[in-house]
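*Asks:* One-letter residues, chain by chain:
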Amino acid sequence: MKTVIISGISLLTFLFMNASNKSEEPVNKEDLGKLLFFDPILSATKTISCASCHKPEFAFADNRAVSIGVNNRKGTRNTPSAMNLRSHEAFFWDGRAATLQEQALAPIENPSEMNLPIDIAVGRLQNNRRYNNYFRLIFNSRPTKALLGEAIASFELTLETTDSPFDNWKYYDDSTKVSEAVRRGFEVFNGNGKCVKCHFGSDLTQNEFRNIGLFNGRQLNDSGRYAITKNRGDIGKFKTPGLRNIAITAPYMHNGMFKTLKEVIDFYDNPARKVPRAINRDTILTKPLGLTRREKEDLEAFLLSLTDKQFLKQTK
Amino acid sequence: MIITAIALALAAVSEPNPLVGRWETKPSPKGNVTGLYMKADSSFEGFFNRKPFVTGTYTYKDSLLSFVDNGCNRTRGLYKVIFFSEGDSIRFEPISDTCTERRNGMGKTIMGRIK
Chain A
1 MKTVIISGIS LLTFLFMNAS NKSEEPVNKE DLGKLLFFDP ILSATKTISC ASCHKPEFAF
61 ADNRAVSIGV NNRKGTRNTP SAMNLRSHEA FFWDGRAATL QEQALAPIEN PSEMNLPIDI
121 AVGRLQNNRR YNNYFRLIFN SRPTKALLGE AIASFELTLE TTDSPFDNWK YYDDSTKVSE
181 AVRRGFEVFN GNGKCVKCHF GSDLTQNEFR NIGLFNGRQL NDSGRYAITK NRGDIGKFKT
241 PGLRNIAITA PYMHNGMFKT LKEVIDFYDN PARKVPRAIN RDTILTKPLG LTRREKEDLE
301 AFLLSLTDKQ FLKQTK
Chain B
1 MIITAIALAL AAVSEPNPLV GRWETKPSPK GNVTGLYMKA DSSFEGFFNR KPFVTGTYTY
61 KDSLLSFVDN GCNRTRGLYK VIFFSEGDSI RFEPISDTCT ERRNGMGKTI MGRIK
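Chains as they are written, first to last, in this note's numbering: chain A, 1 to 316; chain B, 1 to 115.
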């Protein structure tokens, strides 16, 4: 009798485990990329995954100024959101990756992030029976560097959000989807705030590199795009980030120096007040904007309206 | 008789604007779709994969579309609109537009009416 019960339990356990594995089994490269994105197998210490810094609850950004990598090493720049990247043309704050596939692999090797040479990462996947099967199932190939990048990038490309109050106001032509403050804020965004000059497009970025005045060669010493191009005109330039879900991706800027949107708006209103001797600041920001208190509040309301409904509870 | 004359006169003055409505491109090889919503109040909205990306105002007369949007430093674009497929498809021929990026984009765009 005892044997029968134990056998029954074993059978149930086997069936349950089999069902669990089946439910995890990817049916396409996006699913496979999702598994890899959340799996710490790709870090030297097997403790850090892509999702350790690109946290889903913060729109796949981080709520720290800089993220913490393997062995508690600090990164050097703020983790950008991994959402809404379909329209982007360059990746990382300095644009050093031309494709999302290339971008996806870089943090694996970065000593401050996952610190695992790509060849070793691929070897781990090849020696992992589960991943070996999954890659064969999806790509008809064993894991390779290119396919690893392709899978993670494919998952990231699914992270599009189109259900914010702003989206619904515009798409359904229904101004009741947003408050009057949001509608006024959109006017400020396009007008006195000059935001649209850089934050234009479906994800509110023109994918350009701009120097907004956060480089002074002293305590603010990250030269940004210059380190990649060696073009002196690129000193202090960083990629203009998209603004979707910005309410939940604090802190802000390439170094995470501003904790709130209010601080960001105050900075843009008069950049020289915050960073007096900035080098090479963009001419759009030469003169203070001179926004009124109400304009600033309205602009903030507009920025909050860019939050997708899945994250709205977090902004209340 | 008088009423008919007034009605005919009004109809002549306010000919229906054939641009009014929603228009969309076919999906690109990457699956991207650009949409336009031309409103009867002379404003319009542009969408990329359902995301709003441009907003502006326009006039349309004698096949000429003149508009200003929130990009391109608010410069005006003037395009000839060519209707085909019994008025259910459109393409744009640049007449004058100093905004190169917009000119390049619109010159290649073919859209179908969303019913």
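It is worth saying that the hints were derived from the structure and are not from the lab.
Keep in mind that a hint or two might mislead.
Capping the alpha-carbon separation at 20 Å, the derived lysine to aspartate or glutamate pairs in EDC-like fashion look like this [what the hints assert, rightly or not]:
#1 Lys30(B) - Asp269(A)
#2 Lys313(A) - Asp163(A)
#3 Lys177(A) - Glu45(B)
#4 Lys30(B) - Glu89(A)
#5 Lys30(B) - Asp173(A)
#6 Lys30(B) - Glu102(A)
#7 Lys39(B) - Asp62(B)
#8 Lys115(B) - Asp173(A)
#9 Lys39(B) - Asp173(A)
#10 Lys197(A) - Asp62(B)
#11 Lys46(A) - Asp119(A)
#12 Lys39(B) - Glu208(A)
#13 Lys61(B) - Glu101(B)
#14 Lys30(B) - Asp119(A)
#15 Lys197(A) - Glu150(A)
#16 Lys30(B) - Glu30(A)
#17 Lys29(A) - Glu150(A)
*Asks:* Compare the structure with each hint and give your call.
*Replies:* Consistency of the hints with the structure:
1. Lys30(B) - Asp269(A): violated, 39 Å
2. Lys313(A) - Asp163(A): Roughly 14 Å separates the two Cα atoms, so the pair holds.
3. Lys177(A) - Glu45(B): holds, 16 Å
4. Lys30(B) - Glu89(A): holds, 14 Å
5. Lys30(B) - Asp173(A): Violated. Lysine 30(B) to aspartate 173(A) sits at ~27 Å, over the 20 Å cutoff.
6. Lys30(B) - Glu102(A): holds, 18 Å
7. Lys39(B) - Asp62(B): Holds: lysine 39(B) and aspartate 62(B) sit about 18 Å apart, inside 20 Å.
8. Lys115(B) - Asp173(A): holds, 16 Å
9. Lys39(B) - Asp173(A): Given pair lysine 39(B), aspartate 173(A) holds - Cα atoms ~9 Å apart, limit 20 Å.
10. Lys197(A) - Asp62(B): Judged against 20 Å, a Cα distance of about 32 Å means the pair is violated.
11. Lys46(A) - Asp119(A): Holds, at about 15 Å.
12. Lys39(B) - Glu208(A): Violated, at about 31 Å.
13. Lys61(B) - Glu101(B): violated, 24 Å
14. Lys30(B) - Asp119(A): Judged against 20 Å, a Cα distance of about 30 Å means the pair is violated.
15. Lys197(A) - Glu150(A): Violated: lysine 197(A) and glutamate 150(A) sit about 33 Å apart, past 20 Å.
16. Lys30(B) - Glu30(A): Given that 20 Å is the threshold and the Cα spacing comes to 15 Å, the pair holds.
17. Lys29(A) - Glu150(A): holds, 8 Å
Of the numbered hints stated above, those contradicted by the structure are hints 1, 5, 10, 12, 13, 14 and 15, listed in ascending order.
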